[in-house]
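Colleague: Residues per chain are reported as follows:
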Amino acid sequence: MSEKKGSDPWAIPDIGPDEKKSEGAGDAWDATQWHEVKKGETLWKIAEQYYGDGNLYQKIFEANRDVLKNPDRINIGQKLRIP
Amino acid sequence: MNRSVRNFVIVMLAAVFLAACGAGDKGPAESALKAAEQAINTVRSEGSKYLPDQMSSLDSALAGVREKLAKGDYKAVLSEAPALTSKAQEIANAAATKKAELAKNWEGLSSGMPRVVDAIKSRVDILSQSKKLPAGMSPETLAQAKAGLSEITQQWAAATEASKGGNLADALAKASSVKAKAAEVLTLLKMPVPEALKA
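Quick mapping for you: the protein sequence lines, in order, are chains A and B.
The numbering of the first sequence is our numbering, which starts it at 1 and goes up by one.
The numbering of the second sequence is our numbering, which starts it at 1 and goes up by one.
Chain A extracted, bound-state conformation:
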């Protein structure tokens, strides 16, 4: 999988927030790192930001299978768990 521009299948549709996940509010032991998707971001870019390597995007996808059906489709405002 490589980073693409223009007709990027990972391009984020400019729509409102999708279903938001609980961020473990009130759980003093919660060490989960969350990322709120911003305009123009893809799982590849997010993986690059946290892991330095976009190829590891599957790790994020797998950790968020409950809210992501397709790694190419993430929505602005979605909160993703970063494993």
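Hints in this document: simulated from the structure, not taken from any laboratory.
All C-beta atoms, glycine included, are put in the ideal place defined by N, C-alpha and C.
Treat the hints with care, as some may be off.
What the hints assert, rightly or not - Computed beta-carbon distance windows for the label pairs:
id	chain 1	residue 1	chain 2	residue 2	range
1	B	A158	A	G40	39 to 49 Å
2	B	Q144	A	R65	24 to 34 Å
3	A	D66	B	A173	30 to 40 Å
4	A	E62	B	A135	22 to 32 Å
5	B	Q89	A	D66	54 to 64 Å
6	B	A83	A	A28	39 to 49 Å
7	A	Q49	B	A103	37 to 47 Å
8	B	A103	A	D66	27 to 37 Å
9	A	A28	B	S57	48 to 58 Å
10	B	A135	A	W34	27 to 37 Å
11	B	P52	A	Q49	14 to 24 Å
12	A	R65	B	T141	45 to 55 Å
13	A	G26	B	E90	56 to 66 Å
Use these hints to put chain B onto chain A, whose structure you have.
Modeller: The following block gives chain B in isolation, referenced to the frame of chain A:
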């Protein structure tokens, strides 16, 4: 009877009278000490575990009373031994309270800490597979995080073992260093530090 013989008889009578009075206290003094010893022996195990300083003071006081009994100071024994029994009961109550408090603290730790360790392990595993580390993270930093994770895993195993052995105070002391190390590693990995690790 001359004067000196009369004085001698008076002194002897007084001595016999005092000895008789003292001997009368011996039995009750021994019983009071025995009761104190029993009360202290009952609380010794839990007291030493949860309130070691107070238990040590109580043992010193008991040794003092034993010494007084040996010297025949029965009145002092009768006066001090009941206080030791009361103190033993106080320690028993305080140790039970302390034990419940430690158990509650351990309960929170034992359910929370494994989740923190899993989060660290997951990130370390993923970063180990990365061809390039994220901005601001050097290979040395990752190596430090890996070493920290290894330390956390070992210390946490030791804390869990202490808890299983019934030594909650020791388990919590060990867990305290695990918490500090986990916060340090999470920071190295640029991950959020849970509130429980900040306390």
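Colleague: With reference to the structure, classify each hint as holding or not holding.
Modeller: We went through each hint and held it up to the structure:
no., hint, in the structure
1, B:A158 x A:G40: 39 to 49 Å, "holds, 48 Å"
2, B:Q144 x A:R65: 24 to 34 Å, "holds, 32 Å"
3, A:D66 x B:A173: 30 to 40 Å, "holds, 39 Å"
4, A:E62 x B:A135: 22 to 32 Å, "holds, 24 Å"
5, B:Q89 x A:D66: 54 to 64 Å, "holds, 56 Å"
6, B:A83 x A:A28: 39 to 49 Å, "holds, 43 Å"
7, A:Q49 x B:A103: 37 to 47 Å, "holds, 42 Å"
8, B:A103 x A:D66: 27 to 37 Å, "holds, 35 Å"
9, A:A28 x B:S57: 48 to 58 Å, "violated, 36 Å"
10, B:A135 x A:W34: 27 to 37 Å, "violated, 19 Å"
11, B:P52 x A:Q49: 14 to 24 Å, "violated, 51 Å"
12, A:R65 x B:T141: 45 to 55 Å, "violated, 30 Å"
13, A:G26 x B:E90: 56 to 66 Å, "violated, 38 Å"
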